[in-house]
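Visitor: In the order they appear, the protein sequences are chains W and L.
Mind the numbering: the first sequence is residues 1 to 112 in my numbering, read in order.
Mind the numbering: the second sequence is residues 1001 to 1107 in my numbering, read in order.
By construction, these hints were calculated from the structure, which means they are not laboratory data.
Some hints could be false.
With beta-carbon atoms standing in for the labels, derived distance ranges [what the hints assert, rightly or not]:
id	chain 1	residue 1	chain 2	residue 2	range
1	W	Glu-18	L	Gln-1042	37 to 43 Å
2	W	Ile-38	L	Ser-1007	20 to 26 Å
3	L	Ser-1026	W	Glu-3	38 to 44 Å
4	L	Ser-1051	W	Gln-41	17 to 23 Å
5	L	Thr-1080	W	Gly-16	37 to 43 Å
Taking lysine-lysine and the BS3-like style, the derived pairs with C-alpha atoms no more than 25 Å apart in a straight line are [unchecked claim]:
id	chain 1	residue 1	chain 2	residue 2
6	L	Lys-1094	W	Lys-42
7	W	Lys-57	L	Lys-1054
8	W	Lys-57	W	Lys-42
9	W	Lys-78	L	Lys-1054
10	W	Lys-78	W	Lys-42
11	W	Lys-78	W	Lys-57
12	L	Lys-1094	L	Lys-1054
Coverage of chain W stretches by chain L, computed from C-beta distances (three or more under 8 Å per stretch; other residues unrestricted) [stated by the list, open to error]:
id	region
13	5-16
14	81-87
Owing to the predicted nature of the structure, the values given are computational and were not obtained by experimental measurement.
We put the beta carbon where it would ideally sit given N, CA and C, even for glycine.
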Amino acid sequence: EPEVTQTPSHQVTQMGQEVILRCVPISNHLYFYWYRQILGQKVEFLVSFYNNEISEKSEIFDDQFSVERPDGSNFTLKIRSTKLEDSAMYFCASRTAGYGYTFGSGTRLTVV
Amino acid sequence: GIQVEQSPPDLILQEGANSTLRCNFSDSVNNLQWFHQNPWGQLINLFYIPSGTKQNGRLSATTVATERYSLLYISSSQTTDSGVYFCAGVSGNKLTFGGGTRVLVKP
């Protein structure tokens, strides 16, 4: 069964550093997403991406965040200057029209 | 705004027992998905179910769209069923998660 692949599975970074989280969505999917889950809390929407542009973003997704689909297969989330409160599990998801969302296994980000 | 509410928040089961998890959702939700988050944090897709009933092994789900709720049934529970079950409502191009039901199945 096709999978959404995320790398790395764990990342530890110093406060103030930039991080890039990487995702390879399912190849024929057209819609891409990032979600995050702070430990013990619900899964929260960050951003949706379609046709090479952001289609919707949440209040969480401020100027510190950006997304990119640099080469037609990868989908990245960049956090420019990480804060302690950015520590969370970050999930990438993709879908095609009329079908459900498929999530990757997540990247656990720890900011110290 | 989009509302997705789950109950109960916690459930403890003896292995072999059956259970029902509920998800209520607001008018703006036009589709529904159920996930299982395993102890390693992975979100496993269970059902994509705008209406009607679907079954997959010991799990089944029913969505009654006109009454804005969905039910997830776990039959003959096993310890591997432990984890958090999320329902999530689709509205537009966004999935909104409920708060989850944490399930612990004891041997």
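Visitor: Please go over all the hints and tell whether each is borne out by the structure.
Guide: Each hint tested on the structure:
no.	hint	result
1	Glu-18/W - Gln-1042/L: 37 to 43 Å	26 Å, violated
2	Ile-38/W - Ser-1007/L: 20 to 26 Å	22 Å, holds
3	Ser-1026/L - Glu-3/W: 38 to 44 Å	31 Å, violated
4	Ser-1051/L - Gln-41/W: 17 to 23 Å	29 Å, violated
5	Thr-1080/L - Gly-16/W: 37 to 43 Å	41 Å, holds
6	Lys-1094/L - Lys-42/W	15 Å, holds
7	Lys-57/W - Lys-1054/L	32 Å, violated
8	Lys-57/W - Lys-42/W	17 Å, holds
9	Lys-78/W - Lys-1054/L	38 Å, violated
10	Lys-78/W - Lys-42/W	22 Å, holds
11	Lys-78/W - Lys-57/W	14 Å, holds
12	Lys-1094/L - Lys-1054/L	23 Å, holds
13	5-16	violated (count 0)
14	81-87	violated (count 0)
The structure fails hints 1, 3, 4, 7, 9, 13, 14 (numbered hints given earlier, in ascending order).
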